[in-house]
Structure formats: C-alpha cells, structure tokens
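Residues per chain are reported as follows:
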Amino acid sequence: MRTPLRPLARILQARQEGLNPDSIEKENLRIRHEALREKARARAQFRLVVLCASFVMAFGAIGARMGLMAATEPVEPRSRAPGAEIIAQRADITDRNGRVLATNMTTHALYAHPRVMVDPKGSAEKLAAIFPDLDAKALERRFTDGRSFVWIRKILSPEQMQRVHEIGDPGLLFGPREKRLYPNGSLAAHILGGTSFGAEGVHSAEVVGVAGIEKALDARLRDPAQGTKPVALSIDLSLQATVEEVLAAGMSMLNAKGAAAILMDVRTGEVLALASLPTFDPNNRPNPLVDKDAEPGDSPLFNRAVQGVYELGSTFKIFAAAQALELGLVKPDTMVDANAPMIWGKHKIKEFENKNYGPLLSVSDVIAKSSNVGTAHIALMIGPLRQQAFLKSLGFFEPTPLELIEAPGAKPLIPKKWPEIVTITTSYGHGLSASPMHLAAAYAAIANGGVMIKPTLLKREGPTTGVRVMSEKAARESVAMLRRVVTEGTASLGEVPGYEVAGKTGTADKPKKSGGYYKDKVINTFASVFPASNPQYVLIVTLDEPMDTALSETRRTAGWTAVPVAAEIIRRVAPLMGLRPKLEPVAPDAVTAASN
Amino acid sequence: MTEMVYGSNPVRVSEPVIPKWWRTIDKWVLTCVFVLFGIGILLGLAASVPLATRNGLEPFYYVQRQAFFGGVALIVMIAVSMMPPVMVRRLGVLGFALSMVALMLLPLFGTDFGKGAVRWFSFGFASVQPSEFLKPGFVVVVAWLIAASQDLAGPPGKTISFALTLVVVGFLAMQPDFGQSALVLFAWGVVYFVGGAPMLLIGVVGGIVAAAGLVFYESSEHFARRIDGFLSPDVDPRTQLGYAANAIQEGGFFGVGVGGGQVKWSLPDAHTDFIIAVAAEEYGLILVLAILALYGVIVVRSLWRLLPERDPFARLAGAGLACIFGVQAMINMGVAVRLLPAKGMTLPFVSYGGSSVIAAGITLGMLLALTRERPRGQMSDVFRRGR
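If you read the sequences in order, they're chains W and Y.
To convert, note that position 242 of the first sequence is 242 in our numbering; the numbers rise steadily by one, no gaps.
To convert, note that position 150 of the second sequence is 150 in our numbering; the numbers rise steadily by one, no gaps.
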C-alpha cells in the first residue's frame, strides 16, 4: 500500500510549483521523529527516577535490616527441627500401689558431622575402643566419604558419653533421647511388652510401644493432653514377684518347658499377677524368632497366659456340672451313669488309665474323681445348643478383652460343627482350645456367684458389674464341688491350711502339628478358687510338658505338677493380700491358760 | 609572525583523549569503584585465608590472584570507559556474540568443578565463566534493538530482543544457573521498562510471575524448601544463612576487630557469596553501610546522569548496565540479611572471582563510557524548550 505523503497541503503546493516534494516529506519525518523521541525521553526520565527510587529503597531496607540485626544480641544458636516437634514424653506405668513399672530416663544418642571433624581417623579408632561392636575401618570410611551426617549410637550410658566427650572431636555430637526404663527388669515383662524408637530426629525421638500394654495403650501413654500422668495397672508388684518366683522354681523342678500363671480378683476382674515363663528383659527385648518352623511358644516373647491357646482338659468339667445345676437337671448328689468305657457311635470314651468309677457316681464325685464318662452323660443331658450358649456366655468364643496388644490375636479354636460327640469331648476339655486367661475369667464367674465380668489389667476403683450367667445357688454348689476336688479328689496336694483352696485339675495331651496327640507331652492346668467359703481370688497355673520324677515313677498329671505349684503360690500370696487364714477355732480356755 | 614564517601549528580538531576522558568521566562512580575494589582486597585478606589454608596454599594466595585479576579488571574498565557510545555498542555486540558461542559450547567443553552445574571453561591457571561476560554484552544488544525499534520504520526490536532473551535464558537454565537466568530476564525487563513498556503489560507480567512462583512452590520440593527456610522466623544455625546471621549479630556496630572474625572458618562461601558477613563480623555495621552506600552511589548516580541523555541507545544500555550491577549487589546482601531467599550471587568487585571481577570491570567501563558528558542534542532542543 502506498503511504500518503504528508503534510498533503504542502506537498500538493510544492508539486504545483514544480518542486521536489521529497525534501518536504523528509523534513516532516524528521520532525515526527523528534517528537517521538522527545516523548520517549520524557517517559524514560520518569521511569529512570522510579528505578532510582526503587534502588534507594532497596538498599535502604538492606541497610536498615543490617542495622537491626547488628543491634540485636547474638543468641546461643538453637536450631529447631523443621516440621512438627517429635513428641517424646511418655507417661509412666505403675502397679496398683503406685510402684513404678516403666518410666523414662534421659540419655543421649551419638551422631557425627564428619565435615567438621578434626581427625576422622583418630576419632573412629577411639570410638571403636569405646564401643567394641563398632568397626574402626568402617566408621572411618563413613566419616570420610563426603556425607555430612552419620548416626553412631542410639543410646549412650553416661560413662560412654563421658568417654566420647573425652575424644574431644567437635564433629561428634549428642542428641537427647528419652529411653524407656523398666526398673524391675524382667518382672511383668509380658504385661509391659516393650518399646522402640519411632520417628527419630537429632533433638528427640519418638518412643513407641511394640508389644504388651505399651503398644495397646500407646495412644494414651503418648497423649500430650494427659501429660505425664502415670497409668496404674491392676498388677501388684509383690504378688507378681512371688508368682514369678514360685512358678520359675516349679518349672525347673518339674522339668517343664514353659509355665504360666494368672491371679485374678473375682469381683473386680483385676488381674493381680500374670506371669509367663520363660521370660525376657523388656529393657533389652530379644528379637523375634526368624526360623519359620519354630513354634511361637519357643520364643520368650510368647505370652503363654494370653496367647497360649491350649486344650484345657478336665478343668472344663465344672462348666458342664455348673450348667446342669443351673438348668435344674441335676443336684450335686444326683447319681449319673459313669460306667466306663462308654461307647458312642464308633467312639469309645475312657477314663484316665482305663479306670472305671461306675456304674454310678454322684455329680459331686464326677468332678472330684474327674470322670470323663460321668461328665459326658451330664453334657448329653444339656445338649449341644445349650452347651454352646453357656460356653459362649463364659467368653470362650471370643478373644479376651485384656489390654494387651497380643490379646485380640489369641482367638479360641472352636469346633466347626457341634454334633453330640463334640458336646461330649468339649465337656471334658478336648476339641475346644482357649487361653489360660479365658479359663481365669470363666472360673471367676463361678467364684463370684455367677456374674461374668471383664478381666482387666488396669486398676479399677471399686467393684464392677457384668452379665449374670448362672444363679448364685448353682455357683455356690459348683464351688463346693471344686472344694471337694482338693479335699477328697485329684488335687489333694493343693490343700493350703486355712485358705480353703477349691479347684479342678486338667491334663491335656499336646496336639501334634501333623494331627493327633503326643503320648508323653501334656499340658497340666490347675484352676483354683480360694477361699472356698467366700471366694475372692482365682489362680490358674499351667505347666507345659512337666514331668514329676521325684518318686520312682514319672508322673505327668496335673495333680502331681500344677497343683503343688499352685498351692505354694497360694500359701505365699494369700497373706500378702491380707487374706485371714481360717484355722480351727481355738478353745477359749486354752487361750486363757496360756496368757496366765 | 612565527606562524607565518614556520607554518602554523597543526590545528587540533579535538581534545587529547586522556584529558577529555578525565573531564567528562563520572569521577564519583570511578572513585566508588576503586574504593570498592580496595575493600574487596581488604576483606579478601580476612575471608580467603581459611580457604587457602584448607587447600594447602600460602595464606594470601587468593588475595594475590584477586589483586592481579582486579588490576586487569580496572585497566579494562578504564580502557572501555574511553570509548564513545558507538564503540561501546560494537564491543558489546561482539562480546555478546563471543560469549554466546562460548555458552553454547559449554555442554561440550565445560567443566562443573564437582558443583553439579556446568558453568566454566577450565584453562589450567584460571577458569572462565562465560555467563559473567555475557551479561554486559547482552544488555548492550538488547538496548540497541529496543532503541532501534523506537525509530520510525525501525526494526521490531522488542520482539527480537525478547526472543534473544528466551534463547539466552534457555542456555543458562540448561547448566542449570537460575540466578543468572533471572538476572538476564531482569536486565531485559529493565531495558524494556525504560524503553517504554506499556503499563498494562507490566501489570499482567507481574501477575503471571506471581502465579508461576506459586506453581513452582507447589510442584518443586527443592524450591519449596528454600522458600520455607526463608519464610520461617527461625534459621537453622548450621546453614550458611545461620552462620551469616550470627556473624552480623556478633559484629554489632563496630565489629569484633580485624582478624577476630570466626564466621570465615565455618562458611565455605565466605570469600564469595557471603563476604558481606565477614565484613559485618570483623568491621561491623559501619563498613557494611559504607559498602551499601558505595553501591548506591554508583547505581543512583549513573541513572541520574542518564536522565538528560538524548541518545536512546546510551540511555537504555546505561540503565540496563547500572541496574544489573546494582541488583547483583542487592541480591547478595539481601540474602545475607534474609530479606531475600538464598541464591548464590557474587558481590561485584568485592567477592573473590576472576571472571566476576573482570566482567564487572567491563560492565562498569561500559557504564562509565555511556554516562560521560557529551554534547546533548541540537540547538533546536534548547530552543524548543522555550515553546
């Protein structure tokens, strides 16, 4: 497109005069250019002033900030880890009397900033001298390969810390660490479980529960809102120590592989002592077994009292008797058929050592003599449906609600179908597997007059309520039958003068992994209640593969193994619990004569 | 009579070069540069000793090198400042072309000195960082293009210069060197701003930059951590920033005394990026304010002298050079006082570094050349003012 020449009037005039219009056009262009430049210059001037002002302000701000910083006192450098602070505080755990079971101790972790180390080689050698498990060469390599941070130890003792201080290398640094301390060592180890470090920073580390009540109550123990208010357990430290001591002695005398004991208050459901042997030190938790073929029970970490799901044997017989009494099917002196062996279909029900207590036995004698056949007949009177409902109400179909992380995992093994043969075997404790804790809770229900209460490891203020599972009368008569087991029956070694021990023995053959049962491997249980006239406590003692070789023959029945151990425990713990022994009344005259 | 007999003295068509230079040069800026260089050597005596010790060299090795490179830089500066604007433009274009080629060759022949970014050519006794030399030439080229675009029927200089900027930024980001990329973008922005960028565009670009920053913050872990570290009121004392802040506080108003500073032993970059911390610790706020004032005088005075400038090229190039010089100093010191997020940037003439100081010499030489007093415009301009 042709651009018109401007200014047109002058151009036209020039053309008329025959002059060259180009010079006019050029002149016009020059003027326009000048005007444009002038405009640009004015704008640029303003913008240069803006730039000047910005620079003056920026430099001024830097100077002012510099002045402010120079005017403030330098503070001791205190760095804060970015992000959320790691919550390191953890509440203490005490027994029911406030004695400390778990607390925290401030220790230090050791780390290194290799870039500021003066003598990496020398420091590595000196560290290896302090900690024999460290390798000087490997440490030196980590110090010199260019990394800027190296963890060396998670926990230092004060002595070790002092010796590291004495190396004097500025690149070796300490971070405070809360360490969970169990001052009683292995005592109550399976209840407490243990802890390890969670999120770790230089300045603190999270202590998280890994087992037992430490894990089950982890949220409560670390709850900042609760502060460091301790958690009181139902455990009594003296009772726990006594139970563990006697149990350990019994276990070694009877050559048992393991043992467990539970002492429980029948009215509140509080567990006063809970022991499982072999045990471990929660301050230094052993590693779990790595061997896949190993049974979990082989590890000391295994809590037999809660996790050990066994067939509990004849200790179950009392449930059949109690239910029959409750249903009004029998009275304690009702005679039942006890003629052994009993044939049921293709099964043959025999007594221990093929004895025959028959042809007839009273219900009380069935329990006292531990007659399989008699119990089977009682169970058949009850029938499968009512038997299942009763066992369910006693808690045998669910894991125990104990405050241990292991408890929910210990599910009882229940027969899938429930024909009458299962009713028979279950009545004397075979076919249904449950933990000693289940047994303790069920016996507590019989002992306290028929109320099923929730067992707990936490201290309870006052009595608690539960679901009634049988009448008080049936419960009282059941306890009387259990008392006869000790006075006249299979648990005669369980008598403790003055404490009226009542209980029921149980000897179950250990099931093979491949199916069937071992002939010479048994689990012996003694479930006891004392004192019989006013039952207050339940004690369950379980021994794994015990063998009494004291006399010429080898005995594997609970009457010879678990019962004496339980009796010794009761003899020692009953006075500790303030239980007054019921002795023969002393003639008033004799007292007078002596005092004179 | 003598002239008649012996012939006349040859008539001087112009003044001798040196006196003319001395008459027209901005002596304030010149003085400030010399003083800054002196301060740089003084601080180098303190700040570079630990580095020399660490590298097993004699204590003042780096000071000697800096004195040598600084001498070269000052000579270059004076030589460049003697050039007329047209020569400055030619030198700038030539320098830009050469350093652009060098920049493109970096991925092939460059070295990263183990720092993760390929930015240097190594020549045995010294290394060269092309991006330092690129900046002054780049400013000159951009100013030339934008000035040309202001002519009637001139080339579309703004578009061309923007395309050029993108190419340069691309190459710098490849190294990667985001600090220099940002500086190059900033230089283009300043020249465009002074050259008449529409206000609407400035607003829109500002908005886009803010949005892009937000997107980067959300997407880049590294970037977000830098910004978070900058925004958080507490500074980890084990970082360079922490040491620098502590040094400034230790120094107070009058410093801990010559040679008494500690920060230089802890900071790896004490002689380059954090030299202001060394100055603050040993000589106190006094010296820091003096340094600030020197940079302020150089920048503001140069810009002020460009106000009546009639030559668009000289105005734009001068403004761009003064601003990149000032901004570099500003970023360096702003980081040390935590007004700006951490970004490695040398303090021109003061920090140690051969490429840096010689490039600063070229920049200042060009700036001095462009701000020299020259006959301004034509008589008509003077007359027109009265209208």
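FYI, nobody ran anything at the bench for these hints, they're computed from the structure.
In this text, a Cβ means the ideal position worked out from N, Cα and C, and glycines have one as well.
Accuracy of the hints is not assured; some may be wrong.
[Stated by the list, open to error] Simulated DEER-style distance windows between Cβ atoms: (1) Y:Tyr6 - W:Leu29: 46 to 52 Å; (2) Y:Leu98 - W:Glu17: 39 to 45 Å; (3) W:Ala35 - Y:Pro156: 17 to 23 Å.
Looking only at beta-carbon atoms, does the pair Ala35 (chain W), Pro156 (chain Y) fall within the given range of 17 to 23 Å? Between Ala35 (chain W) and Pro156 (chain Y), where Cβ atoms are some 21 Å apart, the hint holds.
Cβ separation of Tyr6 (chain Y) and Leu29 (chain W), checked against the hinted range 46 to 52 Å: 50 Å, holds
Using the C-beta atoms of Leu98 (chain Y) and Glu17 (chain W), is the stated range 39 to 45 Å upheld? Violated - the Cβ-Cβ distance for Leu98 (chain Y) and Glu17 (chain W), about 56 Å, lies outside 39 to 45 Å.
Hint 2 alone, counting from the list given before, is not met by this structure.
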